[in-house]
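2 protein chains.
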Amino acid sequence: MAEDFGEWYRRMLADNNIVDDRYEVKGMLVYRGNGMFMIKQMARYLEDLLEADGHEPTLFPALIPENLLLTESEHIAGFEDQVYWVTQGGKNALERKLALRPTSETCMYTMFALWSRTHQDLPIKVHQTVCVYRCETKQTRPLIRSREIYWNEGHTAFATRQEALANIESIREIYTKLLNGLLCLPIQINERPQWDKFPGAEYTIALETIMPDGRTLQLATIHNLGQHFSKVFNIQFDDDKGEKHYVWQTSYGPGFGRLLAATISVHGDERGMVLPPKVAPVQVVLIPVVYKDSDKESVMGCITGIRDSLKKQGIRVAVDDGPERPGAKYFLWEQRGVPLRIEVGPRDLKEGKAVVVRRDSGEKLSVPLDKLDVQAMFSQIEDNMRTKAQKKFDECQFMPQTLGQFRDSVGKGIVSVGWCEKPECAKPIEEAGTILSLTKESGSCIVCGRAGKVIKVAKTY
Amino acid sequence: MAEDFGEWYRRMLADNNIVDDRYEVKGMLVYRGNGMFMIKQMARYLEDLLEADGHEPTLFPALIPENLLLTESEHIAGFEDQVYWVTQGGKNALERKLALRPTSETCMYTMFALWSRTHQDLPIKVHQTVCVYRCETKQTRPLIRSREIYWNEGHTAFATRQEALANIESIREIYTKLLNGLLCLPIQINERPQWDKFPGAEYTIALETIMPDGRTLQLATIHNLGQHFSKVFNIQFDDDKGEKHYVWQTSYGPGFGRLLAATISVHGDERGMVLPPKVAPVQVVLIPVVYKDSDKESVMGCITGIRDSLKKQGIRVAVDDGPERPGAKYFLWEQRGVPLRIEVGPRDLKEGKAVVVRRDSGEKLSVPLDKLDVQAMFSQIEDNMRTKAQKKFDECQFMPQTLGQFRDSVGKGIVSVGWCEKPECAKPIEEAGTILSLTKESGSCIVCGRAGKVIKVAKTY
Numbered sequence: 001m002a003e004d005f006g007e008w009y010r011r012m013l014a015d016n017n018i019v020d021d022r023y024e025v026k027g028m029l030v031y032r033g034n035g036m037f038m039i040k041q042m043a044r045y046l047e048d049l050l051e052a053d054g055h056e057p058t059l060f061p062a063l064i065p066e067n068l069l070l071t072e073s074e075h076i077a078g079f080e081d082q083v084y085w086v087t088q089g090g091k092n093a094l095e096r097k098l099a100l101r102p103t104s105e106t107c108m109y110t111m112f113a114l115w116s117r118t119h120q121d122l123p124i125k126v127h128q129t130v131c132v133y134r135c136e137t138k139q140t141r142p143l144i145r146s147r148e149i150y151w152n153e154g155h156t157a158f159a160t161r162q163e164a165l166a167n168i169e170s171i172r173e174i175y176t177k178l179l180n181g182l183l184c185l186p187i188q189i190n191e192r193p194q195w196d197k198f199p200g201a202e203y204t205i206a207l208e209t210i211m212p213d214g215r216t217l218q219l220a221t222i223h224n225l226g227q228h229f230s231k232v233f234n235i236q237f238d239d240d241k242g243e244k245h246y247v248w249q250t251s252y253g254p255g256f257g258r259l260l261a262a263t264i265s266v267h268g269d270e271r272g273m274v275l276p277p278k279v280a281p282v283q284v285v286l287i288p289v290v291y292k293d294s295d296k297e298s299v300m301g302c303i304t305g306i307r308d309s310l311k312k313q314g315i316r317v318a319v320d321d322g323p324e325r326p327g328a329k330y331f332l333w334e335q336r337g338v339p340l341r342i343e344v345g346p347r348d349l350k351e352g353k354a355v356v357v358r359r360d361s362g363e364k365l366s367v368p369l370d371k372l373d374v375q376a377m378f379s380q381i382e383d384n385m386r387t388k389a390q391k392k393f394d395e396c397q398f399m400p401q402t403l404g405q406f407r408d409s410v411g412k413g414i415v416s417v418g419w420c421e422k423p424e425c426a427k428p429i430e431e432a433g434t435i436l437s438l439t440k441e442s443g444s445c446i447v448c449g450r451a452g453k454v455i456k457v458a459k460t461y
Numbered sequence: 001m002a003e004d005f006g007e008w009y010r011r012m013l014a015d016n017n018i019v020d021d022r023y024e025v026k027g028m029l030v031y032r033g034n035g036m037f038m039i040k041q042m043a044r045y046l047e048d049l050l051e052a053d054g055h056e057p058t059l060f061p062a063l064i065p066e067n068l069l070l071t072e073s074e075h076i077a078g079f080e081d082q083v084y085w086v087t088q089g090g091k092n093a094l095e096r097k098l099a100l101r102p103t104s105e106t107c108m109y110t111m112f113a114l115w116s117r118t119h120q121d122l123p124i125k126v127h128q129t130v131c132v133y134r135c136e137t138k139q140t141r142p143l144i145r146s147r148e149i150y151w152n153e154g155h156t157a158f159a160t161r162q163e164a165l166a167n168i169e170s171i172r173e174i175y176t177k178l179l180n181g182l183l184c185l186p187i188q189i190n191e192r193p194q195w196d197k198f199p200g201a202e203y204t205i206a207l208e209t210i211m212p213d214g215r216t217l218q219l220a221t222i223h224n225l226g227q228h229f230s231k232v233f234n235i236q237f238d239d240d241k242g243e244k245h246y247v248w249q250t251s252y253g254p255g256f257g258r259l260l261a262a263t264i265s266v267h268g269d270e271r272g273m274v275l276p277p278k279v280a281p282v283q284v285v286l287i288p289v290v291y292k293d294s295d296k297e298s299v300m301g302c303i304t305g306i307r308d309s310l311k312k313q314g315i316r317v318a319v320d321d322g323p324e325r326p327g328a329k330y331f332l333w334e335q336r337g338v339p340l341r342i343e344v345g346p347r348d349l350k351e352g353k354a355v356v357v358r359r360d361s362g363e364k365l366s367v368p369l370d371k372l373d374v375q376a377m378f379s380q381i382e383d384n385m386r387t388k389a390q391k392k393f394d395e396c397q398f399m400p401q402t403l404g405q406f407r408d409s410v411g412k413g414i415v416s417v418g419w420c421e422k423p424e425c426a427k428p429i430e431e432a433g434t435i436l437s438l439t440k441e442s443g444s445c446i447v448c449g450r451a452g453k454v455i456k457v458a459k460t461y
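Chains L and G, in that order, give the protein sequences.
According to our numbering, the residues represented by the first sequence are 1 to 461, in order.
According to our numbering, the residues represented by the second sequence are 1 to 461, in order.
Since the hints were made in silico from the structure, they are not lab data.
Hints may be right or wrong, so weigh each one.
Copies of the same chain are indistinguishable here, so a pair counts whether it falls within one copy or spans any two.
Capping the alpha-carbon separation at 35 Å, the derived lysine-lysine pairs in DSBU-like fashion look like this [to be verified]:
1) Lys125 to Lys91
2) Lys292 to Lys241
3) Lys138 to Lys177
4) Lys26 to Lys97
5) Lys97 to Lys197
6) Lys231 to Lys440
Start from the sequences and build out the full structure, keeping to the hints where you can.
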């Protein structure tokens, strides 16, 4: 793109009714019609998958008493700089401070302790779609780094470690369906280094994609909590011999703002957004192409017929019969990312055809009206969007051989190099980017040449 | 019911996986699987109706700076005793206090002022499904009076008062569809007296039902805000001559907790919940009735066939093939309120039939398997639930002729009597109950006999 990615991104959000960042509290976004519509599609899709996998929908309180949040010391240390505190109710000071949830482990697990008595109460698998709050000290960026984060969080308790590990596998699959299946986003799954895991977890795995400017964006995380929280919140169960054990836990969540940011950015082009059909607020726009008044009625009759037939199939359709020239309409709806445009003019009408234009490929087809299969075209569009985005993503994987090449490639995507795990060699690496993960593969250190492990490095959002 | 309604209600919530009120912050509920599932069904249904009516889904911040909340003096006076204040972020005091939204007028309307420039930007119609927070001083009661309230709120801005009035009519219809159509609840729509309107509104209308103990429960309210907020938030638009005008506004919302409380309470009976089919977490339970092991396989084959066929129709089915006696299973699923129970035993199998039992009427039918039309039965169940509940509701309308009769009937339902509008006659009336509305009808005062207006009085939740 000729335009800088940051400018393009801000223009997309503002011009397409996605979000408004002019609210008086900095870092707290207003989600507008098209943005929120897409997020709701994602949320419903994810919730249905989680419930089919045995998760119960729940809603836990947003306010967490200080003593609960302080129960797990590693956890609170990770969040204490970011917590919003409620200290006053009406005109009176509260007896104890209440945290506006930065995440819900400490809130939920006090209840899990009440619910888990015997092995028959397990597993506990719940999810909720809510906002969490973090008083960010870093610079905020719309949808990417906010002080109010709309997400879905899943939380579990199992009788055995094996079940917890199997759950992590299921969630990887569910999140992959959401990110790659629904949103056509290419992703990489990385286990975070120990120093970058979720506070209180045994380990954290992250699903991330690469933005057009080469920086990675973390879209979802999955935490193996082991028995860390169950021991401090005393979540136990009696096995069939009546012996007490602590439960094994996991927690996980994708942020919907980031999913939206990635969907807009990864697929977009110089003409604007290119939206995956399943989440697009308008899936098909119908445009009459009429220059003579005498043709208007018959063309509009045809357009209305197509509209009604598509609506019956549950497809979200808009008809643009405004006074603007067709070219101006094409421009608008292309920027909006509408997957399919269908044009009907007097000649098409005579031939019983319509012109169908794909947003993803620009392809223009003349299709007989009785052969119009929009659902089939949607799945071709999805396949193409997935393939195109994956190709770009694969081109952003680098394996440099020298420190100079390393410095050149960090910032353009995900870079794999060796590292000896010595702090002195971490310094030049971390000056260039962030260590996303430490793999188990061997590789000689890009700084000193000694034997080490392959790490993945990128500039991150 | 032999059991006291309050006891029955608490037992239903606890035993049916609806909510848990043992969280450490009093008045903040944990919504569990079945409760939250039903609320999600209601929310999706309502959101779809609002969006079909032209409302955009949105999400506005939960935190409102003190200066915004203070902008409208009547409004803040109505809420200041109930607002939770965030005063601290991380370890630092915030520069200005942030209110945890008690409602979103002041948050949204600062943005409306940016969005409304010309008449082409109007109408603005948005909705959001979120929690609001009120530090209640009154005693809380699960789902009915909470400190955290899950609701959907709609907000609008129109160029003319007429459009605002037409919108109020549309919302009355939409809410009636939700309450009476989806949830089969009988409702009465009352305009609140001026002293009981929403702070900042011209007037408020309320939709309410009657609970089994005779008290009314307000389920939703609709406010005509006139130009009250647009004048203080400076929400203007240029008409086609370039002249500036203030917009006309409305706001409205039902609370999902109260809808759930009413649905459980109004339809329930001594055996437990009776759930409207469209929101029931389990719509059909299939129970094999087998006493000999040799029959098991063939009966389970039939049950599996019915299950698969119902699932294909999008119906939520459970199969209870546990070791308990059939009677114990019936007891459990009846308490859970499952609309239809289908039993299959060896004899049914031979005849190609199943026994179908309706939860609402207790009716037992032997139905040939190839004639089983569950969707048709659901709509018969809905009709019956609506009719039964309406009958009870109508029996709770009173028109007493003496003050003694008045005192006897208040607390049993909605009581219509005359009132002269003098404060001294309000006293004995308000000792008995709350004035729900002042109608336009004439009626002589129940206290002093002078000419007056008919009012509606009830004990309220």
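Is it within, between, both, or neither for Lys26 and Lys97, if the alpha carbons may be no more than 35 Å apart?
both (23 Å within a copy, 14 Å between copies)
Checking Lys97 and Lys197: alpha-carbon separation at most 35 Å within a copy, between copies, both or neither?
both (27 Å within a copy, 33 Å between copies)
Between the shortest in-copy and the shortest cross-copy C-alpha distance, which are at most 35 Å for Lys125 and Lys91: within, between, both, or neither?
between (39 Å within a copy, 34 Å between copies)
Between the shortest in-copy and the shortest cross-copy C-alpha distance, which are at most 35 Å for Lys292 and Lys241: within, between, both, or neither?
Classified as between: cross-chain Cα gap 31 Å, same-chain 85 Å, threshold 35 Å.
Can you tell me if Lys231 and Lys440 fall within 35 Å by alpha carbon in one copy, between copies, both or neither?
within (30 Å within a copy, 64 Å between copies)
At most 35 Å between C-alpha atoms: does Lys138 with Lys177 qualify within a copy, between copies, both, or neither?
within (31 Å within a copy, 46 Å between copies)
Going through the hint list in order, the structure satisfies each hint without exception.
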